[in-house]
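Number of protein chains: 2
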Amino acid sequence: MTTLQNDTFLRALLKQPVEYTPIWLMRQAGRYLAEYKATRARAGDFMQLCQNVELATEVTLQPIDRFDLDAAILFSDILTVPNAMGLGLYFETGEGPKFEINLQSEQVIRQLTVPDMAKLRYVFDAVASIRKALNGRVPLIGFSGSPFTLACYMIEGSGSKEWRNVKNMMYARPDLMHRILEINAQAVTLYLNEQIAHGAQAVQIFDTWGGVLSHKAFAEFSLRYISQIINGLKRENESRRVPVIVFTKGGGQWLEQMAACGADALGLDWTVDIGQARRLVGDKVALQGNFDPFALFGTQKSIQQEAESILADFGQGSGHVFNLGHGIHQLTNPEHVKVLVDTVHQASRQYHL
Amino acid sequence: MTTLQNDTFLRALLKQPVEYTPIWLMRQAGRYLAEYKATRARAGDFMQLCQNVELATEVTLQPIDRFDLDAAILFSDILTVPNAMGLGLYFETGEGPKFEINLQSEQVIRQLTVPDMAKLRYVFDAVASIRKALNGRVPLIGFSGSPFTLACYMIEGSGSKEWRNVKNMMYARPDLMHRILEINAQAVTLYLNEQIAHGAQAVQIFDTWGGVLSHKAFAEFSLRYISQIINGLKRENESRRVPVIVFTKGGGQWLEQMAACGADALGLDWTVDIGQARRLVGDKVALQGNFDPFALFGTQKSIQQEAESILADFGQGSGHVFNLGHGIHQLTNPEHVKVLVDTVHQASRQYHL
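Going down the list, the protein sequences come from chains A and B. Using my numbering, you'd call the opening residue of the first sequence number 394 and step up by one each time. Using my numbering, you'd call the opening residue of the second sequence number 394 and step up by one each time.
Misleading hints may appear alongside valid ones.
Note that identical chains are pooled: a pair holds if it fits in a single copy or bridges any two copies.
Derived DSS-like pairs (lysine-lysine); straight-line CA-CA distance at most 25 Å [what the hints assert, rightly or not]:
1. Lys408 x Lys491
2. Lys525 x Lys491
3. Lys554 x Lys512
4. Lys554 x Lys677
5. Lys731 x Lys609
6. Lys430 x Lys554
7. Lys512 x Lys731
8. Lys525 x Lys677
9. Lys694 x Lys430
10. Lys554 x Lys491
11. Lys609 x Lys694
12. Lys627 x Lys554
Think of the hints as simulated: they come from the structure by calculation, not from any bench. No experiment lies behind these values; they were computed from the predicted model shown.
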């Protein structure tokens with residue numbers, strides 16, 4: 394393997410000394426970039442882009458070529474795993490993901506099994522291809538949805554504002570919900586280990602919907618299965634620790650519990666006071682975040698101020714990976730992204746002397 | 394005025410001794426009740442129901458007649474105030490509220506003024522009529538949207554998943570946002586004082602969208618104006634204190650700051666650990682909440698367990714008003730509501746010995 398030329402991101406996740414605060418952006422390879430839209434048009438639809446190793450590699454590297462980012466993230470979808478379970482993932486134009494089969498009857502749930510990882514080979518091939526294309530410039534992040542977040546889409550059959558069917562099952566038939574979550578946790582463990590084996594140098598678990606739960610339900614139906622996955626991951630590869638990041642959107646109230654889940658770092662959405670979060674979690678985990686994606690719609694000056702304010706709130710020392718508090722919006726001006734990336738690199742040096 | 398026969402709710406808000414934990418439910422007069430749907434069909438559309446004093450009184454009392462609730466809440470809409478400002482509120486079937494005029498240009502924003510309260514007379518008449526109809530059975534709660542929550546709809550012109558135009562203005566033109574919020578705060582102060590003068594015995598400020606803000610933006614654009622309103626309210630009427638409840642959905646991380654805003658009580662959504670919240674706010678405020686509305690879709694037994702768990706988490710003593718963590722869902726089974734209300738009344742007595 395080629396030597397890693399910039400390992401700032403990996404060191405920050407492990408709270409080792411760095412010269413500046415590293416930055417990457419959730420959904421950094423996306424529709425706000427003209428070059429992404431061009432590649433996607435060549436690929437066909439979104440899933441065809443995910444399944445085309447060459448083009449998935451191309452879009453993963455586009456933001457790395459354009460901005461001075463400190464990590465790349467595998468271009469893929471969070472719902473590849475339930476798709477491999479045979480639920481039939483599809484995307485209708487202008488709408489979110491949908492499944493042909495929904496887990497709303499006990500019979501269908503009883504038939505659910507951990508999928509053969511061979512069905513996800515396109516993902517592992519993409520990981521290997523991206524690692525090669527990166528050629529050691531920055532580390533590559535692999536990822537998966539959390540068991541609960543996957544279950545949300547699998548039960549509802551699509552995105553939802555209120556996840557009524559999910560909560561219905563959770564409160565009325567918790568046994569069925571636990572069955573789905575157990576299978577998801579086993580599948581995600583295999584899936585992330587394969588990504589690591591193919592070259593992912595860190596992994597992030599996206600718990601996009603854990604924040605819709607009550608604090609008790611979060612512990613029982615989301616965090617517990619995330620811990621189970623982390624316990625089953627290969628944490629060292631190529632003689633280096635593979636850090637795990639857990640991001641629960643809306644999880645700002647639960648950081649103390651989350652800090653004990655085995656992750657090296659916790660992602661924070663923009664509602665969290667990162668200074669207070671650091672005081673809460675202490676030395677247990679690093680923190681990633683948490684710039685409001687919509688603050689990129691401000692002026693250059695307001696973007697700089699907002700970024701500086703987050704750096705100051707985190708304060709001195711390592712253990713902070715700068716990021717947005719959620720995926721970048723498709724209408725974002727790429728020039729503003731450059732302002733953010735450069736501001737973070739310059740303004741953070743004073744905190745790492 | 395008739396003597397109040399059940400003032401448990403008012404005493405709990407002021408942390409005075411009570412015999413049991415009082416309960417009311419956000420959106421308790423609503424579509425989950427067949428009798429509500431019948432009255433609404435007679436009224437015409439939703440706004441016609443709000444503006445019909447007799448029918449608004451009727452629906453306000455329906456849940457009081459059916460369940461053993463400890464408070465009634467004025468039947469109205471949170472957007473009556475911007476409607477009185479001339480923005481043209483309307484409802485399309487099956488969709489949320491919309492405005493004919495959106496605050497997306499500086500010119501329109503410069504023309505915005507505090508409305509004449511005479512335009513909201515139908516609300517104040519409803520308050521007086523409901524008080525009379527209640528005849529002292531339980532106290533009546535008045536309410537308003539928070540300045541920021543009103544601004545969200547006024548700027549966007551409708552509900553929104555991401556409030557992009559709102560955040561755009563907030564980050565790029567904070568001066569315009571502050572102008573709208575200042576006018577809203579003045580208007581809401583007048584509006585709530587009129588409700589109090591007409592007989593509201595407590596008031597709740599619904600900050601439904603404050604939780605989409607970063608912690609700093611919340612302090613600057615939402616909480617600051619809520620404090621301003623509370624400072625301007627008449628806090629005593631009919632020789633009794635008029636308690637103020639502030640409910641920020643998604644505000645669980647900010648309870649310490651919120652406890653200093655002048656409110657007597659804070660509403661909690663279902664994501665908050667009410668025991669931890671009580672330890673955070675100490676003796677400063679009472680707490681209201683925080684049963685997941687979807688937990689009403691469980692079994693009778695799971696509903697009882699969930700309610701008992703919240704009561705136990707709050708623990709001994711006064712200062713808790715039981716409620717849902719959000720409005721009741723229209724598909725809720727009214728029989729389950731009865732289970733919840735009766736469980737709270739019975740199971741809470743041990744915490745008030």
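Here is how each hint holds up against the structure:
1. For the identical chains of this complex, Lys408 and Lys491 are neighbours neither inside a copy (39 Å) nor across copies (49 Å), given an alpha-carbon limit of 25 Å.
2. Taking CA atoms no more than 25 Å apart as the test, Lys525 paired with Lys491 passes in neither setting, with 33 Å inside one copy and 52 Å between copies.
3. Proximity of Lys554 to Lys512 under the C-alpha cut-off of 25 Å is found in neither arrangement, the shortest distances being 30 Å within a copy and 34 Å between copies.
4. Taking CA atoms no more than 25 Å apart as the test, Lys554 paired with Lys677 passes in neither setting, with 33 Å inside one copy and 34 Å between copies.
5. When the C-alpha separation of Lys731 and Lys609 is checked against a cutoff of 25 Å, the pair qualifies only between copies, where the shortest distance is 24 Å, while the shortest distance within a copy is 41 Å.
6. In the homo-oligomer, the alpha carbons of Lys430 and Lys554 lie at most 25 Å apart only across protomers (24 Å), although the nearest pairing inside one protomer, at 27 Å, exceeds that limit.
7. Neither within a single protomer nor between protomers do Lys512 and Lys731 lie at most 25 Å apart by alpha-carbon distance, with minima of 38 Å and 50 Å respectively.
8. Proximity of Lys525 and Lys677 under a CA criterion of 25 Å is satisfied in neither setting, with 33 Å inside one chain copy and 59 Å between copies.
9. In this homomeric assembly, Lys694 and Lys430 never come within 25 Å of each other (Cα to Cα): the closest approach is 28 Å inside a single copy and 52 Å across copies.
10. Taking identical chains as interchangeable, the C-alpha atoms of Lys554 and Lys491 lie at most 25 Å apart whether they share a chain (14 Å) or sit on different chains (19 Å).
11. In this assembly of identical chains, Lys609 and Lys694 lie within 25 Å of each other by CA distance solely across copies; the values are 17 Å between and 42 Å within a copy.
12. Taking CA atoms no more than 25 Å apart as the test, Lys627 paired with Lys554 passes in neither setting, with 35 Å inside one copy and 38 Å between copies.
Checked against the numbered hints given earlier, the structure breaks hints 1, 2, 3, 4, 7, 8, 9, 12 and satisfies all the rest.
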